[in-house]
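Please put together the full structure from these sequences, using the hints given.
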Amino acid sequence: MEKICQFFRNNYVLANCEDAIYKKAFSLNLSHYQISQVPDIIEKCETLMKLFLNQNKLTKIPSSIGSLMRLQVLTLDYNKLDEFPLCICRLVRLKFLNISCNSISCLPPEIGYLTLLETFWCNNTGLLELPTEIRNCEHLETLGVRGNPLQKLPDAIGALSSLRWLTAEGCELSDVPLTMALLGNLVHLNLKGNRLRRLPRMLMAMQKLRFVFLNENRIDELPTRSQLEELRTLHMLNLSKNPISLHRDLQLMALRQTNLYVELPSDPADISDGLTSRASLNTQEQQEDQARGAGQDMDSSDWANSVRTSELDTTDESTLENNIEDLSVMLPEMSRFVTTF
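Heads up: the sequence shown begins at 1 in the UniProt record's numbering, then just goes up one per residue.
None of these hints come from the bench; they were simulated from the model.
These numbers were taken from a predicted model, which means no experiment stands behind them.
Cβ coordinates follow ideal geometry from the N, Cα and C atoms, glycine included.
One should not assume that every hint holds.
Capping the alpha-carbon separation at 25 Å, the derived lysine-lysine pairs in BS3-like fashion look like this [unchecked claim]:
no., residue 1, residue 2
1, LYS44, LYS152
2, LYS24, LYS44
3, LYS3, LYS57
4, LYS80, LYS23
5, LYS80, LYS60
6, LYS23, LYS44
7, LYS95, LYS208
8, LYS57, LYS95
9, LYS80, LYS95
10, LYS208, LYS152
11, LYS3, LYS95
12, LYS24, LYS95
13, LYS44, LYS60
14, LYS80, LYS57
15, LYS44, LYS57
16, LYS60, LYS95
17, LYS95, LYS44
Estimated spans, in silico, between C-beta atoms of each pair [as the list claims (entries may be wrong)]:
no., residue 1, residue 2, range
18, LYS80, GLU230, 40 to 48 Å
19, SER36, PRO109, 22 to 30 Å
20, LYS57, GLU229, 47 to 55 Å
21, GLU138, SER103, 25 to 33 Å
22, LYS57, ASN185, 33 to 41 Å
23, ARG93, ILE4, 36 to 44 Å
24, ASP175, SER36, 37 to 45 Å
Right, here's the structure in full:
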């Protein structure tokens with residue numbers, strides 16, 4: 001019965017590809033079909049700008065996908081890939097790429113060819129390191145490498161001047177490079193569940209940083225008052241579930257002099273139990289003002305939250321035909337109806 005179901009699924013996928021070719025479609029959704037291979041006919045879908053292949057059983061991607069030169073969005077998360085498909089690096093217009101939840105332990109240097117990439121999700125892949133060439137992805141705004149055995153981030157990450165959202169939660173980082181101080185546009189930094197022992201020094205230099213998650217690390221001292229004064233632009237600093245020093249009372253008195261919301265362990269006895277509470281260092285009215293301010297500055301009120309990998313659903317139910325962003329695809333067709341006088 002399973003073979004019969006798979007036969008019909010494969011044929012349905014093939015029919016969708018043929019329909020996309022005939023209609024010169026801009027978006028093709030082949031996600032959740034449990035297919036083990038992409039139809040070869042995909043290379044004829046030359047007008048595609050969005051291709052969704054997530055939640056399948058793909059073990060490899062045909063090199064012909066590299067010929068889809070208009071492609072801007074590609075999702076490959078939740079498949080069975082065991083290496084990064086090199087053909088992707090030929091998609092020089094790509095803006096969004098999700099390869100999360102595969103078995104991809106390394107990224108090729110050619111990742112640097114994707115200079116227009118804005119969002120890159122590489123969560124839970126077993127990634128061991130980020131290549132230095134990531135510096136060439138100068139338009140990158142969102143980078144997710146959560147749940148990987150990364151022991152360090154490359155110094156080259158400081159070259160990502162457009163980066164606004166960085167999550168490296170659940171890795172094995174014991175330190176972060178000082179070059180991160182160059183990330184002048186970073187708003188959200190999630191380093192939860194690593195091996196950090198102290199507050200990263202570079203935080204003081206990041207003027208647009210608003211939300212920092214350092215909970216579940218090995219930090220044993222609270223920031224000093226002078227350090228917090230340098231963090232005046234922060235809205236939230238999460239230090240819960242850390243082995244915070246017992247000199248909390250004196251330090252909290254200093255913390256209350258700042259306009260900052262900090263989450264800490266409830267008391268020393270609770271640290272070993274993993275219990276947390278919120279130490280409110282400003283009034284509720286101030287917190288609400290900060291939340292509104294964050295929404296105005298970042299065009300979203302959700303900057304304080306890290307999205308789970310399983311919730312990264314970028315599948316577009318609508319087609320791009322109703323919202324054309326690339327007129328270069330339409331012009332050749334329109335030119336047939338233009339009369340020259």
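Evaluated hints:
no., hint, result
1, LYS44 <-> LYS152, "violated (41 Å)"
2, LYS24 <-> LYS44, "holds (10 Å)"
3, LYS3 <-> LYS57, "holds (14 Å)"
4, LYS80 <-> LYS23, "violated (30 Å)"
5, LYS80 <-> LYS60, "holds (8 Å)"
6, LYS23 <-> LYS44, "holds (12 Å)"
7, LYS95 <-> LYS208, "holds (23 Å)"
8, LYS57 <-> LYS95, "holds (24 Å)"
9, LYS80 <-> LYS95, "holds (23 Å)"
10, LYS208 <-> LYS152, "holds (23 Å)"
11, LYS3 <-> LYS95, "violated (36 Å)"
12, LYS24 <-> LYS95, "holds (21 Å)"
13, LYS44 <-> LYS60, "holds (19 Å)"
14, LYS80 <-> LYS57, "holds (6 Å)"
15, LYS44 <-> LYS57, "holds (22 Å)"
16, LYS60 <-> LYS95, "holds (21 Å)"
17, LYS95 <-> LYS44, "holds (21 Å)"
18, LYS80 <-> GLU230: 40 to 48 Å, "holds (46 Å)"
19, SER36 <-> PRO109: 22 to 30 Å, "holds (29 Å)"
20, LYS57 <-> GLU229: 47 to 55 Å, "holds (54 Å)"
21, GLU138 <-> SER103: 25 to 33 Å, "holds (29 Å)"
22, LYS57 <-> ASN185: 33 to 41 Å, "holds (38 Å)"
23, ARG93 <-> ILE4: 36 to 44 Å, "holds (39 Å)"
24, ASP175 <-> SER36: 37 to 45 Å, "holds (41 Å)"
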